[in-house]
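Peer 1: Quick note on numbering: the sequence shown equals residues 982 to 1402 in my numbering.
Don't read these hints as lab results, they were simulated from the structure. We put the beta carbon where it would ideally sit given N, CA and C, even for glycine. Heads up, a few of these hints could be off.
The calculated lysine to any residue pairs, modelled on SDA-like cross-linking and capped at a C-alpha distance of 20 Å, are [unchecked claim]:
#: 1; residue 1: Lys1356; residue 2: His1170
#: 2; residue 1: Lys1038; residue 2: Glu1026
#: 3; residue 1: Lys1032; residue 2: Ser1127
#: 4; residue 1: Lys1038; residue 2: Gly1124
#: 5; residue 1: Lys1032; residue 2: Gly1189
#: 6; residue 1: Lys1356; residue 2: Arg1384
#: 7; residue 1: Lys1032; residue 2: Glu1326
#: 8; residue 1: Lys1123; residue 2: His1154
#: 9; residue 1: Lys1123; residue 2: Leu1107
#: 10; residue 1: Lys1032; residue 2: Leu1323
#: 11; residue 1: Lys1032; residue 2: Phe1316
#: 12; residue 1: Lys1356; residue 2: Asp1392
#: 13; residue 1: Lys1032; residue 2: Gly1324
#: 14; residue 1: Lys1038; residue 2: Pro1097
#: 15; residue 1: Lys1356; residue 2: Pro1332
#: 16; residue 1: Lys1038; residue 2: Tyr1155
#: 17; residue 1: Lys1032; residue 2: Pro1097
#: 18; residue 1: Lys1347; residue 2: Glu1187
#: 19; residue 1: Lys1123; residue 2: Asp1022
#: 20; residue 1: Lys1038; residue 2: Val1125
#: 21; residue 1: Lys1038; residue 2: Tyr1321
#: 22; residue 1: Lys1032; residue 2: Asp1319
#: 23; residue 1: Lys1032; residue 2: Leu1107
#: 24; residue 1: Lys1347; residue 2: Trp1369
#: 25; residue 1: Lys1347; residue 2: Asp1319
#: 26; residue 1: Lys1356; residue 2: Asp1386
#: 27; residue 1: Lys1038; residue 2: Pro1028
#: 28; residue 1: Lys1347; residue 2: Ala1231
#: 29; residue 1: Lys1038; residue 2: Asp1319
#: 30; residue 1: Lys1123; residue 2: Leu1036
#: 31; residue 1: Lys1356; residue 2: Val1172
#: 32; residue 1: Lys1356; residue 2: Leu1323
#: 33; residue 1: Lys1347; residue 2: Asp1370
#: 34; residue 1: Lys1347; residue 2: Arg1394
#: 35; residue 1: Lys1356; residue 2: Val1313
#: 36; residue 1: Lys1032; residue 2: Arg1114
#: 37; residue 1: Lys1356; residue 2: Arg1377
Computed spacing ranges between beta-carbons, pair by pair [what the hints assert, rightly or not]:
#: 38; residue 1: Asp1386; residue 2: Arg1247; range: 20 to 30 Å
#: 39; residue 1: Ala985; residue 2: Asp1183; range: 56 to 66 Å
#: 40; residue 1: Thr988; residue 2: Ser1043; range: 31 to 41 Å
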Amino acid sequence: MVDADQTFVIVGGGLAGAKAAETLRTEGFTGRVILICDERDHPYERPPLSKGYLLGKEERDSVFVHEPAWYARHDIELHLGQTVDAIDRAARTVRFGDDGTTVRYDKLLLATGAEPRRLDIPGTGLAGVHHLRRLAHSERLKGVLSSLGRDNGHLVIAGAGWIGLEIAAAARHYGAEVTVVHRRQTPLHSVLGPELGQLFADLHREHGVRFHFGATLTEITGQDGMVLAARTDDGEEHPAHAVLAAIGAAPRVSLAEAAGLELADRADGGGVLVDERLRSSDPHIYAAGDVASFPHGLFGTRLRVEHWANALNGGPAAARSMLGREETYDRVPYFFSDQYDLGMEYSGWAPPGSYDQVVIRGDAGKREFIAFWVKEGRVLAGMNVNVWDVTDPIQRLIRSRARVDTEALADPRVPLESVGA
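Go ahead and model the full structure; you've got the sequences and the hints to work with.
Peer 2: Shown next, in the form of structure tokens:
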């Protein structure tokens, strides 16, 4: 069968799906490409939703992956505001949820992403309770933060992960009062561990953010449908005019699960189980982006990565696999964050318990440094804070698996390129 006779369907109109569609065309695929997005907006990137766009520093149009006319020019059939509610693997069809129309596919890519975890406590139905995942959420939240800043209002944030802290920084930018409630004793514990989490706590405290560590929200109280306060399990009550739930995200696997595809254990992050080519347990179905759980040879484990770079690179990798290219997806995980005057980039994978040493190169007190998470002399991850153009050598160190001299690693006078050489 030639390309022109084939139909490739992509379910999910985020960055992974849009870049997969683009890659199919740049790789020369001439068949039918159908991209199905359950939002009415054209595919867009998510980092600006908690960064530049939320801060009012970027225009709305800047978030889109392609200009609207690009899809027609490249013969991509874009279905906006439509859902897929069933996959028939035997017939190789997907069914649209609005009118029951079915479309046959030769290859199917699931790029359904993730959805914010919800607070399961009284009061979440109040008008001032928010989540952040979609462009509409960011637009709404921008107005809320601006209003809180004008009126000296209070925002309570449940969760001190990346989204929670970026929203805290944005809220302070607008002048709102901010309290962050987090069950751990430091922010970002699951990524940075306690050693570097404290740095971010200090940064936010310097900008007026209050933290309530070692606690979780148990109730949001209000009057006339509006938020008044947030209570925690240790008996504290925080004034609040708005509450943001930033307690993580769950992969959107309901479609895959109903189709009988193998899923990763929830304890391991969940997601659609795929191989090193991002192919699911069905050889005609692939998964990429936030929803995919893939084996990473470098780290010797399965990963499900919810960051921008994974969507940017995973979508194209899945597209090439759909075209029969023999490509192993093993990108070093990468993400970035901007909070106040701190900019950082993180490469690698080093959850608490996986490393035996954190090596600091530079001046952590001035927040100009690189941190390395090391196990038995090998670099597992690196984070550069207000130090730039070092991602490539950091990633080379991680990929090399070479044992390094930790004294040289910590010494800014020693070029990174020569460490471990």
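Peer 1: Each hint should be assessed against the structure and marked as holding or not.
Peer 2: Hints, verified against the model:
1. Lys1356 x His1170: With Cα atoms ~18 Å apart, Lys1356 and His1170 stay inside 20 Å; holds.
2. Lys1038 x Glu1026: Cα-Cα ~15 Å, so holds.
3. Lys1032 x Ser1127: Given pair Lys1032, Ser1127 holds - Cα atoms ~15 Å apart, limit 20 Å.
4. Lys1038 x Gly1124: holds (14 Å)
5. Lys1032 x Gly1189: holds (19 Å)
6. Lys1356 x Arg1384: holds (9 Å)
7. Lys1032 x Glu1326: holds (14 Å)
8. Lys1123 x His1154: Distance ~11 Å between Lys1123 and His1154 Cα, so the pair holds.
9. Lys1123 x Leu1107: holds (18 Å)
10. Lys1032 x Leu1323: With Cα atoms ~12 Å apart, Lys1032 and Leu1323 stay inside 20 Å; holds.
11. Lys1032 x Phe1316: With Cα atoms ~13 Å apart, Lys1032 and Phe1316 stay inside 20 Å; holds.
12. Lys1356 x Asp1392: Given that 20 Å is the threshold and the Cα spacing comes to 18 Å, the pair holds.
13. Lys1032 x Gly1324: With a Cα-Cα distance of about 11 Å, the restraint between Lys1032 and Gly1324 holds, given a limit of 20 Å.
14. Lys1038 x Pro1097: violated (25 Å)
15. Lys1356 x Pro1332: Distance ~12 Å between Lys1356 and Pro1332 Cα, so the pair holds.
16. Lys1038 x Tyr1155: holds (12 Å)
17. Lys1032 x Pro1097: Holds. Lys1032 to Pro1097 sits at ~17 Å (cutoff 20 Å).
18. Lys1347 x Glu1187: holds (13 Å)
19. Lys1123 x Asp1022: holds (18 Å)
20. Lys1038 x Val1125: With a Cα-Cα distance of about 16 Å, the restraint between Lys1038 and Val1125 holds, given a limit of 20 Å.
21. Lys1038 x Tyr1321: holds (13 Å)
22. Lys1032 x Asp1319: holds (7 Å)
23. Lys1032 x Leu1107: violated (26 Å)
24. Lys1347 x Trp1369: Cα-Cα ~15 Å, so holds.
25. Lys1347 x Asp1319: With a Cα-Cα distance of about 16 Å, the restraint between Lys1347 and Asp1319 holds, given a limit of 20 Å.
26. Lys1356 x Asp1386: The given pair, whose Cα atoms are some 12 Å apart, holds under the 20 Å limit.
27. Lys1038 x Pro1028: holds (13 Å)
28. Lys1347 x Ala1231: Given pair Lys1347, Ala1231 is violated - Cα atoms ~36 Å apart, limit 20 Å.
29. Lys1038 x Asp1319: holds (13 Å)
30. Lys1123 x Leu1036: holds (7 Å)
31. Lys1356 x Val1172: holds (16 Å)
32. Lys1356 x Leu1323: violated (27 Å)
33. Lys1347 x Asp1370: Holds, because 18 Å separates the two Cα atoms, which is no more than 20 Å.
34. Lys1347 x Arg1394: Roughly 17 Å between the alpha carbons, so the hint for Lys1347 and Arg1394 holds.
35. Lys1356 x Val1313: holds (17 Å)
36. Lys1032 x Arg1114: Roughly 12 Å separates the two Cα atoms, so the pair holds.
37. Lys1356 x Arg1377: holds (16 Å)
38. Asp1386 x Arg1247: 20 to 30 Å: violated (41 Å)
39. Ala985 x Asp1183: 56 to 66 Å: holds (59 Å)
40. Thr988 x Ser1043: 31 to 41 Å: Distance hint for Thr988, Ser1043 holds at roughly 32 Å.
Hint violations for this structure: numbers 14, 23, 28, 32 and 38, all remaining hints satisfied.
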